[in-house]
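Now for the letters of each chain:
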Amino acid sequence: MIERMAVVWIPAQLREMAGGKEQVEVPGDTVWQLVGQLEARYPGLERRLCENGQLRAGLTVCVDGCFSSLGLRQRVAENSEVHFLPAISGG
Amino acid sequence: MAEETRANEISTELGPAQEPAFKIIGTRPVRPDGLDKVTGRAVYGIDMRLPGLLYGKVLRSPHAHARIRSIDTCRARALPGVKAVVTAADLPTIAGDPAHLDDASFALYCQRANILAIDKVLYHGHAVAAVAATSLQVAEEAVRLIEVDYEVLPPVLDVVQAMREEAPVLLPSLRTDELGQKSERPNNIASHVRMQRGDPQQAFREAAVVVDREFRTSTVHQGYLEPQTATGLWNSDGQITIWTSTQGIHNQRQQIAGILAMPATRIKMVPMEVGGAFGGKIRVYLEPLAALLSRQSGYRPVKLVMTYAEVLQATGPTSGSYIRVKIGANAAGCITAAEATLAYDAGALPGSPVLDGAGILLSPYKIENFQIDAYDVVVNKPQTGAYRAPGSANANFAAESVIDEVCEKLGMDPIEFRLRNAVQQGDRRIDGTVCGRVGLVETLLAIREHPHYQTPLTGKYRGRGVASAFWFNWGGRSSVTAAVNPDGGVSLVIGAADLSGSRVALAMVLAETLGIHLQAVKPVLGDSDAVGYCDQTSGSRTAFSSGLAVYEVGQKLIQEMAARLGEYWGVPPAEVVFQDGIFAAGAERMTFAQAAAQVTGQCPIVAAISVHPQVVSPAFATHVADVEVDPETGKVTILRYTAAQDVGRALHRSNVEGQMQGGVAQGVGWALYEGYVYSAEGRLLNCNLLDYRMPTALDLPMIDAVVVEVPNPDHPLGVRGAGEIPIVPVPAAIANAIHDALGSRLGMLPMSPARILEAIGVGQPTQPEVG
Amino acid sequence: MCDETILVHAQINGEEVAFACRPAQTLLDVLRGELGLTGVKEACGNGNCGACNVIMNGVLVNSCLVLGAEAEGCTITTIEGIGGPEGLHPLQQKFLEHAALQCGICTPGVLVAAKALLDYNPHPSEQQVRRWLAGNLCRCTGYDKIVRAVLDAADTIALSVAPVAEVSSNG
Amino acid sequence: MQSFRYVRVRSIGEAVPLLAEQACVLSGGTDLLVQLREGRRHATLVVDVKFIPELTELYYDPATGLHLGAAVPCYRINNDPEVAHLYPGLLDATTLVGGIQIQGRATVGGNLCNASPAADSIPALIVHGATCEIAGPAGRRRLPVEAFCAGPGQTVLGKGELLIELRLPPPAAHFGAAYLRFTPRSDMDIAVAGAAAAVQLDQAGTIIRSARVALGAVAPVPLLVSEAGAALAGQLPSAEAIEAAARLAEAAARPIDDVRGTAAQRKHLALVLTRRALQAAIARAQVNTLGRANGHV
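Residue numbers (the working numbering), protein chains in the order written: chain Z, 1 to 91; chain U, 1 to 771; chain D, 1 to 171; chain Y, 1 to 297.
For the record, the hints were derived by calculation from the structure and aren't laboratory data.
Note that the Cβ used here is the ideal one computed from N, Cα and C, for glycine as well.
Incorrect hints may appear among the rest.
To be verified - No more than 25 Å apart at the CA atoms, straight line, and that leaves these computed lysine-lysine pairs for DSS-like:
no.: 1; chain 1: U; residue 1: 635; chain 2: Z; residue 2: 21
no.: 2; chain 1: Z; residue 1: 21; chain 2: U; residue 2: 409
no.: 3; chain 1: U; residue 1: 268; chain 2: U; residue 2: 326
no.: 4; chain 1: Y; residue 1: 267; chain 2: U; residue 2: 635
To be verified - Covered stretches of chain Y, as calculated for chain U (at least 3 residues, CB under 8 Å):
no.: 5; stretch: 182-191
no.: 6; stretch: 259-268
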């Protein structure tokens, strides 16, 4: 069963931990699985993005231009682009 | 033009996409709630009256930074007519060592500490205690009788000084967050976020032109005229009702529930008319105090209204900031590299809009190599709140000033330069995501072809400035309920606060969808128990998100009525067709009103819809300003102002123009007149509307609002957010116009007459107003 | 210590009214409190915003800078006294048609000021409207539609040969 | 607002004895009520003087000049054809104070007694050569307006004394006066700096016989710069003469930094505004043959 591959854009402050890469292609069906794969390759990275099983407060995940309200449970498609961005709501 | 220009085909013809024929959307009907506003009958939060009402007053700190040793309220409690006195001791306490709180506890600590100071006062005006009495006069007297023993500490007010090693530390449990990693030592930098792509250093080395400038901007306030107010009743059954002037009844209910440590369901928020907000009425200030005072006074209603001095000292102005921007471009006029450092003061508690500023200042343009560093820094000033595209007008002022200088050095027309670099569908945005269909190019073309830009500006000390801008916009959760009346009218209950005319705009969407007259739709605001959860009205989201909910509730009503008519006509519902307000199946036909009379008899027709749009299309704008500067006094007069903005689809055309004109006016105040001025000890010196100068009718010309409509493919009606972007490019457009008039560039906001005189060599340099 | 109260007689919006007020109470407090005329708004509280405007003896004033006691024997018009049983004043109608208001908190003060202007100068220029309304802050509209609505109302009144309004004598 | 008693007096005789204790005079109230509310002034008694006939008179007598009651509100001055015709400097000031609403209440007497260094009407009164008519327990006295202010918010009024009236001498032909101020916004602001100038030309309207220059917001009190006026006497109204006088005004200015402006800015504005006030005053003097309207049309 070949899993779907998605492209995760690594936030600038975490690239050092991720061997300096701007993007990393990892397999997974949900954002949570992608983060697990990244943690396997680059230990310590999950703790920077998540806290007690949730995305850190102030972060939101954008999958293919869609700001997901599901957070880590958001499903991803083949070649999905995943970005971790600041949550902004405006005034 | 140089040969290797980036292929940037621009559709130069400006025709609108083919327009679906709307009957009501896009027109300018009179708003139904307007009558009460022009006759003085509209009831705002400050107009609240109840039998047995008590009046509250807050004691505020005269110091910018001090430890509270003790608070003696005995004499106040003894004053005849005083019914309740509260301090931070009356707030639920937070477990754990204040110096080592986890993120969630620290956030709750900050919320509570801003309602009533806990152990320390952190800014001039910080609330220390509150009193409720039988009259405002008695309450004011009682506040004077409260004795507080302060240990005054050195304040830090300027964002750059606050970042230094030796600066006094405001919050012992605050450690710098580097995307999930905390610094060892407590300090005033709450967080640092970096955005980076490509190799900016290499790109700068290859650039034909590089401009690197520093900017300082002052703290400014939203300037709504109705001060913060709240009337609260904590009843003997434990249920709380709050009448308030807010942008978000459900959001405030959650805040109050957290602060008072109680379930949100026990709190009912009743939305009164709001006398202006612009982002400043999202956070709670007086609501928890009203509730606490009400319980302690034997369950009597308590009303608090801030004086305007309190509004300026102790609500949520936006950040004073330090911004450095460096931009490189090749000879062909393409931006090849950019660097920016933004340090925003968050006021006393973390949470400045530095990430909004960092996210927008370069976003109108395609840039492959950039690095942006954003610092959120606490200082002894009131905690910053949101203000119309928070943190963006000051960031745009910095970036668009540097871009104007790059154009000047390249000898390029500022619009041509922006057209060459404008982000379009398919391009990679600064935040890394792929850009959808947007309207920046169309706004640039609209300005280029506008009579204003086509008419040369002549005369000494006169100048023209251009600026473009990006704003994210926001989707958020919206809920509406609609019920069909037997006469074919429809009541529409809206969750979103109506700050400037959204009731009529949303009623227009429903009337258009149902093919009925606008007057047949009754838009009303529901209290927090009468309508589903609705995020606050902010982020330019209401027309976009609540508009989507209203469109969908209209569809649902039609389905429900079609199904009932199917039963009535004895045909499968799928055969019942609805077109231009007429239901039909075979030979059968009924107007909406006829159908309503019939089917509501069978069973009432009600529909409730909640939405949370996930794809949010950003707003773009391009403005042009003509100014004249008196070189002897430094006074700036705005001769002409034109704003072009892509709104996707205008619902109520006058409302959209009004948002543009109002945003420009606030931007003019930010650019030329407004700014907090603090004493060295941290006292706010201009906490009144005489010395906190907001533009008057005499300071502005007519403002030409050019409504550009590039329909948003991710919305059934093509709507995009429009409320915030109008303020963003204004300081930059005026700064660039002043440079065109005088030849010198100003790096500070406000561009006050004294600073303009200094820029042309009169008088000695003024240090940035401490504020 | 409750200080003595003063009984004040005045004509407000065409009706003879008597009210008791403390000497330190402003006319604005009285109008909104004792008399329930909450159309008169308090924003800045010290004469810098115009939201509390009333016409007193034909003169446009900030009611926050007048003591209740000073109203003795005066004739006062508030927003509630503009327009009447037969319908809206042309200014009110034009403000609605032009969408010359958004949040509306400044609107009562602006309408009272605009009425005082048109009583004094029935054909003002744009600049005269702007000078006359400079004392009425508005944070929502940027003033554009307010000025257009006042100019439009002036034309409408001139056309309709409005009844001769008592002439206000502001400077 | 802390509480106080209010009394409406009908005569000077009724007012003077009341002013002895911690009382203050209420005429327009646009400064007093703000100060009482913000605790910058304290009073147990407020004496409303708006109903004393002598304080509310406004008339011109060719022999004695303009009689301006201390409690006459600005709007009455703005609407008075005599003032517009004969005292353009005063009119410049009274049409600038606050906004239309403030001019509906604020009085020149109140503006003078408030004694703000940045007051708009005081420099204008000074260049018009106004004198103050004061009543008190020891009877009446009169003094030139430039001697009335003693410091920021302080006047020379003794205990129980009341300002009754300002008298502005009748101007001769070829007299002209003007008042200008600088404010960042076009209205509603308090002067960052102000300058008034008055010029009396000779019969032929060519030589300056005498001149007076006064500045606002550049010293603890509104400042008569006599050396600037003296320098102009006997001169042709040339750019050089005007510049020299303006330089003297700049030199006399001793401004401070505050929330409204910087000292350097005010020093510079003293020069610029004096120059412009003199130009305006001279232009008005040249056309003023006491026959035709002068200044405000």
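Quick rundown of the hints versus the structure:
1. U:635 to Z:21: 52 Å, violated
2. Z:21 to U:409: Roughly 35 Å separates the two Cα atoms, so the pair is violated.
3. U:268 to U:326: Answer violated: residue 268 (chain U) to residue 326 (chain U) is near 50 Å, above 25 Å.
4. Y:267 to U:635: 16 Å, holds
5. 182-191: Coverage by chain U holds for the stretch 182-191 of chain Y (8 residues, Cβ < 8 Å).
6. 259-268: holds (count 8)
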